[in-house]
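Q: Listed here are the chains, written in short residue letters.
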Amino acid sequence: MSGARDEILAAVRRVLPISSSSREADYAAIPRAYPVSGSLDQTARLDLLEERLSDYNAAVYRCLETGIAETVARALSARGKKSLVIPRGLPRKWLPEGFLFTTDDGLTYEELDRSEGVLTGCALAIARTGTIVLRHSEPEGRRALTLIPDYHLCVVDASRIVETVPEGMRAIAGFGPDPVTTVSGPSATADIEMIRVKGVHGPRTLDVILAGD
Amino acid sequence: MSVRVGDAAAAPDFQKAAKRLIANTQLRHNVRRATDVIRAKRAKVVAEVPEWEQLREAGHRIKEHTLRHLAAYLEQFENACVRAGGQVHWARDADEANRIIVDVVQTAYRNRAGSISDQMEVIKVKTMTSDEIGLNRALEAAGIVPHETDLADLVVQLGEDRPSHIVVPALHRNRAEIRRIFMEKMKLDELGERPEDLAEAARKYLREKFLRVRVAVSGANYAIAETGSVCVVESEGNGRMCLSLPEVLISLVGIEKVIPRLEDLEVFLQLLPRSATGERMNPYNSLWTGITPGDGPREFHVVLLDNGRTNVLRDAASRETLDCIRCGACLNVCPVYRQTGGHAYGSVYAGPIGAILTPQLQSMEHSTSLPYASSLCGACYEVCPVKIDIPEILIHLRSKVVEQGGAPLAERLAMKAASFAFAGKGRMEAAQKLTRIGQWPFAHGGKIRSLPGMLAGWTAVRDLQTAPKESFRQWWARREQNHDLQRGASS
Amino acid sequence: MLISLFIGCYNDTLFPETGKAVVAVLERLGNRVEFRQAQTCCGQMHYNTGYLGEALPLMKHFLDVFRTAETICIPSSSCVAMIRDHYPKMAAGDPSLEREVRELLPKVYEFSELLVSKLDVVEVGASFPHTVTLHPSCHSLRSLHIGSKPERLLQHVRGLKLLPLPAADQCCGFGGTFAIKNAEVSAAMLAEKVQCILDSGAEICTALDNSCLMHIGGALSRQRTGLRCLHLAEILASTEAGASK
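Heads up: the sequence lines are chains A, B and C, in that order. Note that the first sequence covers residues 1 to 213 in our numbering. Note that the second sequence covers residues 1001 to 1491 in our numbering. Note that the third sequence covers residues 2001 to 2245 in our numbering.
One thing to keep in mind: the hints can contain errors.
For lysine to aspartate or glutamate, the following EDC-like pairs were computed, each having C-alpha atoms within a straight-line distance of at most 20 Å [said to hold, decoys possible]:
1. B:Lys1204 / A:Asp104
2. B:Lys1209 / B:Asp1315
3. B:Lys1041 / C:Asp2169
4. B:Lys1400 / C:Glu2054
5. A:Lys82 / A:Glu111
Keep in mind that the hints were calculated from the coordinates and are not lab data.
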């Protein structure tokens, strides 16, 4: 309703004093005295991320880039799983023999619900908060893919781990309009007497493979 | 245009509501326990961040900057969102917002079935803004069934109750009460009592709705002007379900939720999780822009809501109330909230932030008892991640209540009498004399056990010692006299 | 040093012993104390309750009375907070008032601030053989950022055993007119504070503010707990010769 739009904008303009400086200049003048970059090297970032993920009770595997398929096999066997759904564009060399991988070419929600789980990579990870960042385009797949299945196995490339939240957000700002989901542990609620219960909706089990040195 | 903040206009005075709730021992126990837990968690994760004060300052300044240029940022957001395939609506008040949302839902169902023959339903992600406008009632009146999907909001909805906290709305319920509500409303023959059992029951009950219901309503934590994106912060995963599975998504966004750029989330996503739930990062954040073909809703509507926010903007002294990022830290630390819980505030917004936001949204009509629902201890200001000076704003709103004639007569007279007495030495001494005389009927053995009128509340739980025969200034005058005499004698 | 005492309206009327104690301690340390009889009230009660118009003349009167004083001692952290936090706001927009307030602020000290920061002393020759717990009032904690000054003074009192107070930073529930306007909630907050004081095991509760102590002491008396309250100044004034009652 353009009537409402005009009225609201007019009301806002009426009650706020006119700024003498430009919006851009004002914005640039906001003090940002907080640190942006971290100081850890890649190995230390890897270690920190592993520690944070373990805090969330995620099973964490480490391997070299060449060992991903083998580690996927190990993780699936540990969970007793024989098949996973995967997004289009997932690197073939990540897939071990002896398991069934179904590509999401428009699976229904029911099919996703019946699956044993999903395997994806991720766009980046933030060590300090144990956060995995999913960018929803190939090769990470649409949002429903990492949401409906009860098990998510995620491969994190060591070179894509940043240390701090500001580093992570600035990278995300460069993603363009792709939807983004940040995952920091499995879902949880503390709504019942403030006792934290893990796993409400979304995948209740998260396994992570940290690949690289 | 009529601003509505839930049922705040009809709510009883804070003092009346508080009196009733203070007598509820279960509630007080639950509130104390819950707030003790979150407070401790928050303190731990904040202590980990040496740059916490710099982050608070940045958060404060980003919000202040955004409000100063709000019109331009709102327009920028609208343009960017529409360019990305979203539809932006504007609502001046609660009724208009409800009408818009009902219309979108009805159209969505009509388009699918050819007529409104399916039972119309929506799944909802936590949004206090929808409680503010009374959305569920409007939906139901239009034959649309709303399903709350946050566990606590589900508890509140099934319990036919009201939320009592910004972040943990069912804080006033313990597990036995939740189990009872679930068994009755989910029609379960048996249900365990552990929190895990209750969460599992909620998961099953809601999962079939997530996979089936075609329309969702959400709020927004942040609306990003530069990109037209929206960000929702959550823990349980129901947000992700509602935001990405249905065909049609409607996000109800207060105009104060806008922030300039996506990078600004680097500040707020550090401040919010640590302040709200005492975590380094909450489990899930969803960030999306307009429509993405093949992924998520094919129709995305944003309803930008005023409903009194321009009233709040009008007053420069209290405008920063709109900086609030709804973390709930002020509630967890407030010694008043601790005794009464959220319902005493008669509004969806409770605790210290509620005491300043609710009256301002309503232009100081109704809710005039709320600015006084505080001992001005300052604990809220200490923990507010965006540095809203709540005590200062409370005093400012009190002055508005007094200015507008909202103070009780007895109090006004007492204040006038006091300022008369304090005008100078002579009057002060006369007033002190009167006090010593006037207390005589009430004094027994040096103590006053019972006072009349508005002072009765004091003596209900405290003894009051009588004013001594000699005030300090009288003692001093006497001492000076003696010194003069002594000096005179020795010279 | 010549120290000008601002006693505060409620101390003057209800707790003259606190004023006498301040005088005794400062004189014992070799200072001279003056009391300007024209003083009345800092205006906090009016200001906090929303009667800003009535508070302004009280501020102006305070500025008049103390214009020529060099060091002002106030045994009430809430009065000091009023002056530091709110006098500048009340003066805003009036350049000469602003200047007067700016000149006033550096001269104003809460009593324990005066002793520790200005006079640089923590041992004042006091003796008080009792168990004591300290309630850090909200103003001293969050406005004055008083830190450990009261504790350090108490630790140097002969015979005194200082016991920690559980949940010390929680408001006692006085809040000025809050105790009248929201009597029920105030009573509930007071009940928790009393419980904490009982849990401390101390015989005496002390603080920098008689406002809090009047409220807490009133409940300790009503509940016949056998505990009592005493302002910090009165503990520091206590000597082997003449103990404070």
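Q: Would you mind marking each hint as holding or not holding in the structure?
A: Verification of the hints:
1. B:Lys1204 / A:Asp104: Roughly 25 Å separates the two Cα atoms, so the pair is violated.
2. B:Lys1209 / B:Asp1315: violated, 44 Å
3. B:Lys1041 / C:Asp2169: Holds, because 17 Å separates the two Cα atoms, which is no more than 20 Å.
4. B:Lys1400 / C:Glu2054: Satisfied, since the Cα-Cα distance of roughly 14 Å is no more than 20 Å.
5. A:Lys82 / A:Glu111: holds, 16 Å
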